[in-house]
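Novice: Protein chains in written order, with this note's numbering: chain A, 484 to 812; chain B, 34 to 529; chain C, 25 to 352; chain D, 5 to 351.
The set of hints was computed from the structure by calculation and includes no laboratory data.
Misleading hints may appear alongside valid ones.
Said to hold, decoys possible - Label pairs and their calculated CB-CB ranges:
| hint | chain 1 | residue 1 | chain 2 | residue 2 | range |
| --- | --- | --- | --- | --- | --- |
| 1 | C | 47 | B | 347 | 50 to 58 Å |
| 2 | C | 344 | B | 294 | 41 to 49 Å |
| 3 | B | 183 | D | 188 | 55 to 63 Å |
| 4 | D | 192 | B | 84 | 52 to 60 Å |
| 5 | D | 324 | B | 294 | 54 to 62 Å |
To be verified - Calculated Cβ distances over 12 Å to all of chain A for the following chain D residues:
| hint | residue |
| --- | --- |
| 6 | 169 |
| 7 | 221 |
| 8 | 316 |
| 9 | 328 |
All of these numbers come straight from a predicted model, not from anything done at the bench.
Note that the Cβ used here is the ideal one computed from N, Cα and C, for glycine as well.
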Amino acid sequence: STDESGSNSDAENNETEETSDENAEQSESETTGEAGEKLVIGFSQVGAESEWRTANTKSIQNAIKDAGHELKFSDAQQKQENQIKAIRSFITQKVDAIVFSPVVETGFETVLQEAKDAGIPVFLADRAVDVEDDSLWVTFLGSDFVEEGRKAGRWLVEEMSDQEGPVNIVELQGTVGSAPAIDRKEGFEEIISGKDKFEIIKSQTGDFTRAKGKEVMEAFLKSEGENIDVLYSHNDDMAIGAIQAIEEYGLKPGEDIKIIGVDAVKGAFEAMAAGKMNVTIECNPLFGPQLVDLIERHFEGEELDKRIAVEESMYTMDQAEELLPTREY
Amino acid sequence: MEHIVKEFPGVKALSNVQLSLYPGEVHAIMGENGAGKSTLIKVLTGVYSIDQGDVILDGKPVSITSPLEAQNHGISTVYQEVNLCSNLSVTENIFIGREIKKRGRLSWKQMHQNAKEILAKLQLEIDVTKQLSSYSVAIQQMVAIARALNVSAKILILDEPTSSLDRDEVNQLFTVIRQLKNEGMAIIFVSHFLDQIYEVTDRLTVLRNGEWIGEYKTKEIERMDLVSKMIGKDLEEMESVSSARHEIEAKADTTALLQADQVGLAGNIEPFDLEIGKGEIVGLAGLLGSGRTELARVLFGADKADQGKIKINGKSVNFSAPRHAILNNIGFCSENRKAEGIIPELTVRENMILAIQSVYGWFRYLSKSKQSELANEYIHLLNISPANPEQLIKNLSGGNQQKVMLARWLITNPDLLILDEPTRGIDIGAKTEIMKLMSKLSKEDTSILFISSEMEEVLRTCHRIAVLRDRKKVKEFHNHEGLAQQDVMKEMAGGM
Amino acid sequence: MINRLSLDYKQLPLIATISLFVLMFSFGSVRYTGFFSAQVFLNLFIDNAFLIVIAVGMTFVIISGGIDLSVGSVIALTSMVAASLTMSAQWSPFIVIPISLLIGTVLGLVQGSLIHFYNLQPFIVTLAGMFLARGLSYVISVETIAIDHPFFSYMASTRIPLPGDTFISISVIIALIIVAIAVFIGHSTKFGRTVYAIGGSEQSAMLMGLPVGKTKVLIYTFSGFCASLAGLIFTFYMLSGYGLHANGMELDTIAAVVIGGTLLTGGAGYVAGSVVGVLILGVIQTIIVFEGTLSSWWTKIAIGVLLLLFIVLQRVIVLRSEKKQGNQ
Amino acid sequence: MIQSIMKSRLLWPIVILILILLINLFFDSNFFSVEVRNGHLTGSLIDILNRGAPLILISIGMTLVIATKGIDLSVGSVIAMAGAIGSMSIAGSEGAGLAPIFIAIGLTLLICTLVGGWNGLLVSRIGVQPIVATLILMVAGRGIAQLITGGQITTVYYEPYSFIGGGYLFTLPFSVFIVAAVLILAVVLTRKTALGLFIESVGSNPNASRLAGINSKNIMLMVYMFSGFCAGVGGLILSSNVMSADGNNAGLWFELDAILAVVIGGTSLMGGRFYLIGTVIGALIIQSLTTTIYSIGVPAETNLVVKAVVVLIVCLLQSPEFRKRVFGIGKVKRKGEQKAREGVTLP
Ligand SMILES: Nc1ncnc2c1ncn2[C@@H]1O[C@H](COP(=O)(O)OP(=O)(O)OP(=O)(O)O)[C@@H](O)[C@H]1O
Ligand SMILES: Nc1ncnc2c1ncn2[C@@H]1O[C@H](COP(=O)(O)OP(=O)(O)OP(=O)(O)O)[C@@H](O)[C@H]1O
Ligand SMILES: [Mg+2]
Ligand SMILES: [Mg+2]
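Chain A on its own, in the form it takes in the complex (with noise of 0.2 Å):
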C-alpha cells in the first residue's frame, strides 16, 4: 500500500507545482484567491493519542477532500519540534494555508512569524496559542476547555442541589501538563469551590488512557473505597476504565457513584445507555466543515473574528439511549 500511496502522491506533486506557483504571485500581493479555487492546505496534526483525535482528523481531512481542496497532513507524534518542521516545510512547500493543532499553547511565535513573512494564513483548530501579536494567526476554531470544567461543575451542583454534603469527589486527571487537563481542573473547581460541602478527596494523573483511569480508580477505592461519591475523570477513556475498576470492586458506578467524563465519544454513551455513566460534557472534534468553511470565507477576503467557538452540548444518562446509534467516533 505504500507504493500505492506513493504513485498518487507522486499525481498530486504535478498539480502541487501549478498551484505552488500560482500561489507564489498570490503572496507577493496579498491578493485573496477568488472563491471555489482549489487551495493547497497544510495541516498539522497532534497526533493520535486519542479516540477523540482520530476522529477530529478524519472529520478536517475528508473536509478539507471533499470541499475540493488539497490536503497536506502531518502528524506531529505529540511532539512540538515535529510540529514545528511540519509547519516550516509546509511552507517552503508554499501551500496556501495552514492548518495546525498545537501540541501546546506557547513555543510558535517564531515560525507563525516565518509564515506571516510568508503571505501564509494560519488557522488554529481545537487548541489556541498564547502569543501577543494576534495577527500571526486569522482564527481560532475549537473548543474552551475550561468551559467544559465549568460544565461539568455546574451539572454536579445542579445534581447534588438537593443533598446535604459532604460529597466526596475524585478527579482523574488527564496527561500532567496537557492543556485540555489544566483547564478542565481548573473550570470545574472554579465552580464547585464556592460551595464547601464538595471536597476533592482524591486527584492522580490517569494520562487520559482506559487501562490507567482502571489502575488509578482501583488504588482510589482501595483507601477510600464506599466514601466516594462522585468520580470526575478529564476525558470519556478514563472514566470507562474506572467504570470496569468500580464493578469490580463490588459498587454501582452511575449510582453508587456519580461519573461525570468529558468528549462524548460513543463508549460514554454505550456507558450512559446501560446506566453506568452519568453525564458526558461534549468536546465536539467534528469541526471540519465548519473550518474548511471558514478558510474559503478568508479566501473570499471576508474579516473572520479570532476567536469561534464550536458548537457542543452536554449528554446525560436519559438521552444516550436513543443518540447512540447517531454518534460517529
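Position chains B, C and D with the ligands against the provided structure of chain A, taking the given hints into account.
Specialist: Relative to chain A, chains B, C and D with the ligands alone:
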C-alpha cells in the same frame, strides 16, 4: 615489601610474603601456578589493597592505591595477559596516558614516529597505525612490553612477558633488559622457563601457594632443588621430561584422520596440504606471525576456508563454523585464552563442560552431579588450584585458567585436538603432565596438532613437524632421532 | 598505503553513513518538488540544533561504554528553569543562562559520581536522573510558560543570511561550535583518547594507569552540560518552558549516535558521525512531512521502515568492505 | 541458613519490597488484610500481584535478552500490537462459543513471537546493534497497532475475553496463574536444560562461546522470540483488562520499567549471569511503588520525583561500596580492586 598478606574470599593468596629489590638487578619471582606471583605484583602496584604489611620505596614507606600512583612512583608494569585496549592503534597503546603534545594538541605524527623506534628496539616492524586487535597475541605482548619500556621508570615489572614469545623475541627482550639493568633500573621478572630465569636474573624469590619460601642468588641454586622448592617435593618427573623425547617411536602406517588439500584463506594463510594420521602428533613450527594460528583456525572452521577441501576419515567435510568441526570430534584450544577461551562470569565447572554440553545440545543437559564429577576429575588430573569447581574462573590464576581450557577439550575426548600454545603460562610440573598426557592420548589414537613457541617442546613430542613461513607451509620434517633443532630453525627463518 | 586503508577501515561506518545520507536526500529531491533546495538542507540544522548538541555529549558517553538517558528530561528542566526565572522572577538572561547551564552540568556530575564511586549501572542511574529532571520541571509548574523577553526573541528569530538568500539561526552556530570543540577533544586531547580506552576495556585502562574514575565522572558531566546547553537552544527554539518538552528525545539521540556509527558496546565512534546521524533522522522526518499523505500510524511505520532500510544498508556496506579488508 | 540468605543477591530487593509495602501499612492500617469477597480473594497485595502481572511477564522475557548482552525496546509496542490483534480478531464474535478466544490468543501469541523473531534476526543474523534493531519496531510497532485498530480505541464486548486479565480461578486472579506458568516455563527451560548455561556464556563472552561450539545466533534468536512471546501475553492481559485495544497508549514506556525491574533483580546489563526470581521481585517493587503513589495520594506532578528517589535508593542499597561506606560493614574496598575483580580476567 615486607610481611605482605592478601586474602580473597576463600583463598589466602599471600601470607607474610616479603621481597626486596635493588637498583640494577633483575629479580625473579618463582612459583607454581596460583602461587601468588601476579597477586604480589598487583598488590605492589596498587591494583589490590594490602590486607597487612607495608611497601618501602627508597627507605620510606609508601601506600600505593592505584596503578596510576604506581607509575608516578616510577614503577612501570607489564601485567600477565595482554592488558591493552585492542580498539586503539598500536601507537596509542604505547603512548596513552603520557601522550606527546604540541601546542596543546596531541601530535600523532611524532608519536607514530617514536612508536616505530621503540618497537624497532624489539626488532618488531609492524604498521603502528593499525588497531591492536588485528595482531596476534605475541605481537600484542610485545607492544605491552614496548609500552612499559617507554617510560623512564625506576622499577620495571614483567609478569610472564615471554609466555607466548618465540626465541628471537625473547633474545631481543633480554638484550633490552640487560641494557636497562646496566642503566641501574630494578627489574622484576616472572617466567616459568627455567632457562630464561638462569639467563637473565640475578636473584630470585620463591613462593609456594601464597607462602614465602626463600630468596636465593640465581647462580647459587641448582635447577633441581629450585624446582623442588617451588613444587614442595623432589620430583623424579624431571627425569621423565628430559627422557620424554625418546618416547616417541615413529607411528607405523598411520591411517589418515584428517587430510587438508590446498586449503587456504586469502589474506590469512596460503593454500596448504596437510595430513594428520590417527594418533599422530603433528607440530607446527614458525616464527611469530608465520600463520600457525591462522592455519589452525582454518582447520577448525573458526575462519571459513575460501578454497581447498578437508577430508575427515576419507569423507570430505565443510566447516563453516567451529560447531561443525566440534561435531566431527575436533577440539581447538585457542592461544588467546582471555578473548577466545574463558567465559569469565562462569564457574570452573561450567567452563569445563561447555564444549561437551554444546555437543550434546541444549536439551540433553548433563546432571549437576555428572558435571561436578567431571570437573573434579580434571581439577585433580591437572592439579588446578584452588581445587574448587564452583570458583569463578576469572578469579583463577593465569596458568590455572589455561589448565581449565585444556580440560574443556579433553573432556570431549576428540579424535583431533588442536592445541595453540597450550603450555602458555603453565608451570613446569603441569607442563610435564601435559606432555605426558599428549603422548598418552596419541597412544589412544587421538591425533594432535600442536603449536608451541618452544622448539624443545615441539621436538620432544611431535611425530612430524610442519614449518610455516610468511603464512605459507614451506616444509615438513619427520621427527626422527637425527633431526636437529637447527634444521627446523633454518626453515622457519627462511632457509638461508 | 596500508596506513590509509586501515584508516578507511576504521572510519567505514562513518563514510557509509554519509553516503547513505546523500542517497536519502537525493531520493527526497527527485520525489518531492521544493525538496531540493539549500534551505531545506539548512533547516535540517535549524530544526535539529539541539539534537546535535545532545548527540555530541551522548557520543562520548556511549564511546566510553555507558549511556545517558537523562538528556531529554534535562532539556525540559532547563527550559522550565530558564522560563520561570526570566518570566516569573524577571531575572536578566545573563544570570539565567549560566544558572540553566549549571543545572544539567551538576546533574551530570552527580550521575557520574554515583556511577563511578558506587559503581552503579549507568542505565539505571541516568534513568533515575531522567525521572528526577522531568519530575522537577513538573514541580516548578505543570503549565507551559511562554517566554516573552527581547533577548530570547532575538536569539530565536535572528536569521544569519547565507548566499543564495538562505539563512541559519544562531543556535546552529552554537551547535557547530560545540561539534568543532568535541571533535578536537575526541581526537587530540588526552581526555578524549582516555574515553576511547575506557570504552575498549575499562579494566585494561585502569591497569594502564589511566585516570579512569576522573574521566568517567567528566564524561557524564560533559554530557549533562551539553544537555542543558541543548535545553537552552530548545528554549530559544520554542520560546517557552514546558515539562513535556523533549519527551523521549533520549532515544532519538541514542539512535542518532548509533546510526552515526558509534558502537553501543563502546570503544569506537565519531562525533562527526553522530552529527550525520542526527541529519539522517532529520531527513526521514522531512521526507515524511513532504510526503504529506501519511496518516498518524503510517507515519510511524514509515519512520520504522526508513530506519530499517538505512541500518541494513549500512550493515551491508560495512560487512562488504570488511571482507575486502580481509582479502587485500 | 541465615548466612545463605544474607549472602543471596535477592536479600536487598526483598528488603526494599518489604519496606515499600510497610510504608503503605503506615497509611492504611489494613493494607495487608486479604479477605474473600464474593468468591474472590481481594486485598492490596493481591491487586499488586494482579496489576503487576504484565510487567512481571515482560521483565522475564527481558531478563533473558539482557543476559545475552542485548536489550529489547520493542516490548511496549508489541504489547500494543498484541492488544490490537487480540481484540480485532475477536471483535463481533459476541455470544459465539469459546472457540474465538482460543483462536485469538493463538493468533496473537504466534504473531508476537514472530515479531520477536524479527528482532532476533536483525540482531543475530544481520548483526544490527540490539538497541537500534528493536528501536525500529518500537516506532513502527505502535503504527502497526494503530493501523490494525484504525486509530480507534476498539472496545471488546465478547465476555470470555475479559477472563484473561480479569477472571478468577480458585479465588485467585487468573493472570497470577499465567505469570506462574510463564515463570515456570522460563525457569525449566533455562535451568533444567543447558539453555541457561548457553545464554549466560554467550552473554559473557560471545567469541569464546562460538569457539566452544555454541550456536550463539540461534540462542539470540530464541531469547528475542521469547521476549516477544512474553510481551504478547502481557499485551493480552492488559487489553483484556480494559476490554479494549488502544494502539497509541497501551504499554507506553513499559520497556523502561521492564529493564529497571531486571536490573533491580540483580542481572547486569553487561550480560552474563541472570536471575529470574530477582527480576520478578524487581517488577513487584516497581508495581507496588506505583500502587503506593496512587493510593497514598501523592500529587500527580510529583510522581516522577518520588519514583526517581526510590530507584536511586534501591540501586544504592544494592551497591556493596555504598553499603560499606554507609553502614561501615567491613572496610571500604578500593575502586581498583573492585574493577579488577569484575574485570574480564584475573592474571
Ligand atoms: N580476585 C580474586 N578472587 C579470588 N581469588 C583470587 C583472585 N585473584 C587471585 N586469586 C587466587 O590467588 C591465587 C594466586 O593467584 P596468582 O594469579 O597470583 O597466581 P600466579 O602465581 O600468578 O599463577 P600463574 O603462574 O598461573 O600466573 C590463586 O589461587 C588465585 O585463585
Ligand atoms: N610480524 C608481523 N607483522 C605484521 N603482522 C603480524 C606479524 N606477526 C603477526 N601478525 C599478525 O598476527 C596475526 C596472527 O598471526 P599468527 O598468530 O597466525 O601467527 P603465529 O604463527 O600464530 O604467531 P603467534 O606466535 O603470535 O601465534 C596475523 O594475522 C597478523 O595479522
Ligand atoms: Mg600470574
Ligand atoms: Mg599463534
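Novice: Give a verdict on every hint.
Specialist: Hint check:
1. A C-beta distance of roughly 52 Å is found between residue 47 (chain C) and residue 347 (chain B), which places it inside the suggested range of 50 to 58 Å.
2. Between residue 344 (chain C) and residue 294 (chain B) the C-beta distance comes to about 29 Å, which lies outside the given range of 41 to 49 Å.
3. For the pair residue 183 (chain B) and residue 188 (chain D), the beta carbons lie near 58 Å from each other, so the given range of 55 to 63 Å is met.
4. A beta carbon spacing of about 43 Å between residue 192 (chain D) and residue 84 (chain B) contradicts the range 52 to 60 Å that was offered as a hint.
5. Here the CB-CB span from residue 324 (chain D) to residue 294 (chain B) is close to 57 Å, well matched to the stated 54 to 62 Å.
6. Distance check for residue 169 (chain D) against chain A: the nearest CB is about 10 Å away, which does not clear 12 Å, and the non-interface claim fails.
7. The Cβ of residue 221 (chain D) sits about 30 Å from the closest Cβ of chain A, beyond the 12 Å cut-off, so the non-interface label holds.
8. Listed as a non-interface residue, residue 316 (chain D) keeps its Cβ farther than 12 Å from every Cβ of chain A; the least gap is roughly 21 Å.
9. Once the 12 Å rule is applied to beta carbons, residue 328 (chain D) is consistent with being away from chain A; the minimum gap is 38 Å.
Taken one by one, the earlier hints fail for this structure at numbers 2, 4, 6, listed in ascending order.
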